[in-house]
Amino acid sequence: MATKNLVIVESPAKAKTIEKYLGRNYKVVASLGHVRDLPKSQMGIDIENDYEPRYISIRGKGDVIKGLKSAAKKADHIYLAADPDREGEAIAWHVSHLLNLSPEDNNRVVFNEITKDAVKNAFKTPRSIDMNLVDAQQARRILDRLVGYSISPILWAKVKKGLSAGRVQSIALKLVIDREKAINAFVPEEYWSLAAEFQKGRGKKFAANFYGFDGKKQPLADNNAVQAVLSKVDKDKPFAVQNVTKKERKRFPAAPFTTSSLQQEANRRLNYKTRKTMMIAQQLYEGINLGGKEGTVGLITYMRTDSTRISSVAKHEAATYLHETLGEEYAATKLRKTKNPEGAQDAHEAIRPSSVMRTPDSLKDVLTRDQFRLYQLIWSRFVASQMTPAVFDTVTVNLEQNGVIFRANGSQMKFAGFTKIYQSATDESKDNRLPKLEVGDDVKLVKTDPQQHFTQPPARYTEASLVKALEENGVGRPSTYAPTIDTIQKRYYVKLNGKSFEPTELGEIVDKIIEEFFPDIVNIDFTAKLEDELDGIEAAKENWVDVVDRYYKPFAQELDKAEKGIEKIQIKDEPAGFDCDICGAPMVIKMGRFGKFYACSRFPDCRNTKAIVKEIGVVCPKCGEGQVIERKSKRNRIFYGCSRFPDCDFVSWDKPVGRDCPVDGHYLVEKKVKGGRQVICPNGDYEEQVQK
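Numbering-wise (the UniProt record's numbering), the sequence shown opens with residue 1 and increments by one.
It should be emphasised that the hints constitute simulated quantities derived from the structure, not laboratory data.
The C-beta atom is built at its ideal place from N, Cα and C for all residues, glycine as well.
Be aware that one or more of the hints could be misleading.
Claimed, not checked - Derived Cβ-Cβ restraints for the label pairs, each shown as a range:
hint: 1; residue 1: L32; residue 2: D660; range: 53 to 61 Å
hint: 2; residue 1: S312; residue 2: T368; range: 30 to 38 Å
hint: 3; residue 1: E563; residue 2: D50; range: 18 to 26 Å
hint: 4; residue 1: S424; residue 2: G327; range: 18 to 26 Å
hint: 5; residue 1: G62; residue 2: E505; range: 52 to 60 Å
Claimed, not checked - No more than 20 Å apart at the CA atoms, straight line, and that leaves these computed lysine-lysine pairs for PhoX-like:
hint: 6; residue 1: K161; residue 2: K572
hint: 7; residue 1: K596; residue 2: K161
hint: 8; residue 1: K632; residue 2: K276
hint: 9; residue 1: K160; residue 2: K495
hint: 10; residue 1: K61; residue 2: K4
hint: 11; residue 1: K205; residue 2: K237
hint: 12; residue 1: K414; residue 2: K247
hint: 13; residue 1: K655; residue 2: K622
hint: 14; residue 1: K174; residue 2: K632
hint: 15; residue 1: K250; residue 2: K120
hint: 16; residue 1: K216; residue 2: K232
hint: 17; residue 1: K250; residue 2: K20
hint: 18; residue 1: K204; residue 2: K590
hint: 19; residue 1: K420; residue 2: K250
hint: 20; residue 1: K632; residue 2: K495
hint: 21; residue 1: K512; residue 2: K568
hint: 22; residue 1: K40; residue 2: K61
hint: 23; residue 1: K158; residue 2: K610
hint: 24; residue 1: K568; residue 2: K541
hint: 25; residue 1: K250; residue 2: K276
hint: 26; residue 1: K315; residue 2: K293
hint: 27; residue 1: K614; residue 2: K632
hint: 28; residue 1: K495; residue 2: K590
hint: 29; residue 1: K4; residue 2: K69
hint: 30; residue 1: K232; residue 2: K447
hint: 31; residue 1: K541; residue 2: K572
hint: 32; residue 1: K447; residue 2: K200
hint: 33; residue 1: K495; residue 2: K468
hint: 34; residue 1: K499; residue 2: K622
hint: 35; residue 1: K27; residue 2: K160
hint: 36; residue 1: K74; residue 2: K27
hint: 37; residue 1: K632; residue 2: K490
hint: 38; residue 1: K610; residue 2: K590
hint: 39; residue 1: K655; residue 2: K632
hint: 40; residue 1: K447; residue 2: K204
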């Protein structure tokens with residue numbers, strides 16, 4: 001039987017949701033992503049003929065392509081409804097080529113959210129394929145292929161097999177390595193602080209900090225400076241309140257999420273990796289089965305965006321929700337204008353719930369734990385962005401004696417505003433109330449607390465801060481951050497220590513080669529300019545062949561020099577300090593795809609290998625024979641187990657301390673708690689004071 005209308009999308013989940021909205025006259029099928037790409041086994045680009053790409057059907061997609069062609073023959077009309085971005089436009093173009101459709105036909109349908117109204121309205125106004133979008137994506141793909149397939153063989157020949165280099169990943173690696181260099185070169189500087197406790201009459205004590213002398217701020221460089229301050233203070237004489245400054249301070253809500261800010265906040269608040277964040281966001285966008293009359297619904301708008309723009313319909317719905325649930329005083333009557341990041345394409349709205357009326361609590365029973373947590377984050381951030389600011393009463397008090405000034409700062413929330421719904425992981429504040437103080441009041445100095453400090457080196461990058469750095473430098477686009485970070489970890493150029501990235505020896509070798517022989521690739525300004533030129537192709541201001549040509553020609557010259565100039569690098573095996581328990585030859589430490597490991601020096605004649613483990617100096621509390629060692633789970637989470645595994649199956653997420661509980665004799669463990677570490681009994685019968 002002929003199908004009147006065939007709709008082709010990327011994913012089965014999206015297909016299922018859309019088919020429900022369109023009804024019986026539409027059949028919706030999935031291409032499962034791209035159907036054509038450049039060949040894996042060769043460059044696939046004719047450099048001499050205007051960089052003409054040679055696309056082939058993706059291996060393993062034969063049945064999918066056959067199914068698409070079969071469905072297309074039975075349809076009167078074919079619609080291409082891939083995602084509303086460059087990648088989606090390119091997928092639609094490739095599908096149209098396979099099905100012999102004209103790119104000029106009005107068969108391209110796009111929508112920013114998968115809801116009934118949005119989908120039905122989109123099908124009322126189909127358009128032709130936007131070749132500017134296709135060319136922008138094609139230029140990126142061709143450039144990445146030219147760079148990757150040119151440098152990678154050199155790295156394989158000169159360093160080791162399996163390595164790769166790319167435009168964005170090389171910048172990401174350079175950022176991590178440059179930060180590590182800055183940390184190693186950092187020289188800490190000493191400084192001191194002088195805190196004090198005061199009391200007015202018999203009232204509650206309050207804290208203040210040394211400010212300076214005679215109205216001028218004065219830093220404390222060393223202990224001599226601290227003692228000079230204390231020598232001027234008469235402990236038996238009160239301090240006088242010199243002045244009191246009262247102000248009303250407003251704190252405004254953050255803009256709704258872009259892809260970058262969502263990845264950063266989900267990493268900080270939920271401890272999600274960028275890839276996990278995008279995977280869950282994709283599920284929420286494509287549709288969740290809510291049951292009942294609603295069925296499958298897309299819960300958020302498109303999750304690849306660099307814009308903070310919000311539609312008037314969404315603003316109105318948020319205002320209605322706030323008036324009905326919290327009251328009109330919480331709904332902003334005039335919203336602050338948010339500025340998009342420099343270079344933002346602004347092709348889509350910010351990430352927001354498709355309907356603010358679907359509160360997180362109402363969906364808790366139909367979402368997985370991970371889906372619920374991310375949806376709650378997106379919903380709360382959007383609703384907060386449409387709310388009034390939080391209002392604080394702040395008080396600054398200067399206390400003076402003999403020219404020595406201490407300053408006390410207090411704040412008290414006057415109106416919660418948007419913080420009733422959402423508070424950023426990096427912007428949590430607490431009330432600090434001061435007693436009622438007037439100019440001329442006397443307060444007693446109760447005690448002083450001088451402390452020595454040292455300036456700290458810059459922090460290593462986390463996933464959140466690396467995404468932020470890439471965005472601030474204009475390198476990559478929302479869709480590239482997650483795969484870039486994933487790649488530099490898979491290649492073992494960087495490793496995670498806790499939540500922070502550290503470069504590996506292999507990463508430093510690759511970075512040094514690229515920086516020396518391909519300086520443009522790791523030139524942040526050069527790469528950011530290229531991103532602007534790709535945007536120019538999309539806006540029909542640039543020709544994609546010209547952009548590729550301007551980038552590739554100087555790169556090709558660097559390539560010739562590199563092939564001749566790079567000397568073969570031998571990553572030497574380190575002696576392990578013990579012998580192979582199979583053949584007796586010395587064991588060595590080798591560099592593998594997933595890091596260092598022990599191997600027999602007689603490889604390949606002897607293939608004995610062992611994982612490198614870290615003992616914590618505690619005997620296994622279960623068998624009493626093995627040592628407790630630090631291990632890592634598949635998700636890179638540290639846990640503790642017995643070195644005699646599998647003979648002994650002892651495991652613990654918390655670190656054993658080598659002592660038994662004085663209450664029930666169970667082994668004690670160390671847990672991370674707010675403010676330090678605490679030794680506890682897992683049975684809950686005993687705990688020791690927190691160690692800071």
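Handout entry: Non-conforming hints, listed in increasing numerical order
Key = 5, 10, 14, 15, 17, 18, 23, 24, 25, 26, 31, 34 and 35
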